[in-house]
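Asker: Sequence:
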Amino acid sequence: MVRKLIKAWVFDWRMKRAIRKAKHDAELYGKKFLVLVFHGKPVVVSMQGIKQLIRKRRFSKDFTAEKAVKCAIYIACPNTKN
Numbered sequence: 001m002v003r004k005l006i007k008a009w010v011f012d013w014r015m016k017r018a019i020r021k022a023k024h025d026a027e028l029y030g031k032k033f034l035v036l037v038f039h040g041k042p043v044v045v046s047m048q049g050i051k052q053l054i055r056k057r058r059f060s061k062d063f064t065a066e067k068a069v070k071c072a073i074y075i076a077c078p079n080t081k082n
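Here the sequence shown is numbered in my numbering, starting from 1 and rising by one per residue.
The set of hints was computed from the structure by calculation and includes no laboratory data. Even for Gly, the Cβ is constructed at its ideal location relative to N, Cα and C. Any given hint could be a false lead.
With a straight-line Cα cutoff of 27 Å, these simulated DSS-like cross-link-like pairs (lysine-lysine) come out [as the list claims (entries may be wrong)]:
1. 16 x 41
2. 16 x 61
3. 32 x 21
4. 56 x 31
5. 23 x 51
6. 16 x 4
7. 21 x 7
8. 51 x 7
9. 32 x 4
10. 70 x 56
11. 31 x 4
Between beta-carbon pairs, the in silico distance windows are [stated by the list, open to error]:
12. 79 x 3: 38 to 48 Å
13. 51 x 21: 26 to 36 Å
14. 49 x 15: 29 to 39 Å
All chains should be built: construct the whole structure from the sequences, respecting the hints.
Answerer: Shown next, in the form of structure tokens:
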């Protein structure tokens, strides 16, 4: 039970850190970034990066960018105000 609690705490900490990174990168680069769970860890990937990974066949054949948006934990969009 303690082990599950620690794993959940570590996952939450990683998720919060990934969300902060996604927000920062979206503002810095002006692109949309997604936070996805990959191999049990939250990772930050841009939409362009998702499309490149799909072309390189890192995901299954039926996986699309729209499905990535649906299963994302968080979506960071750049602020369009200049």
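Asker: Would you mind marking each hint as holding or not holding in the structure?
Answerer: Hint check results:
| no. | hint | in the structure |
| --- | --- | --- |
| 1 | 16 x 41 | holds, 12 Å |
| 2 | 16 x 61 | violated, 30 Å |
| 3 | 32 x 21 | holds, 12 Å |
| 4 | 56 x 31 | holds, 21 Å |
| 5 | 23 x 51 | holds, 20 Å |
| 6 | 16 x 4 | holds, 18 Å |
| 7 | 21 x 7 | holds, 21 Å |
| 8 | 51 x 7 | violated, 31 Å |
| 9 | 32 x 4 | violated, 33 Å |
| 10 | 70 x 56 | holds, 21 Å |
| 11 | 31 x 4 | violated, 35 Å |
| 12 | 79 x 3: 38 to 48 Å | holds, 40 Å |
| 13 | 51 x 21: 26 to 36 Å | violated, 20 Å |
| 14 | 49 x 15: 29 to 39 Å | violated, 19 Å |
Hint violations for this structure: numbers 2, 8, 9, 11, 13, 14, all remaining hints satisfied.
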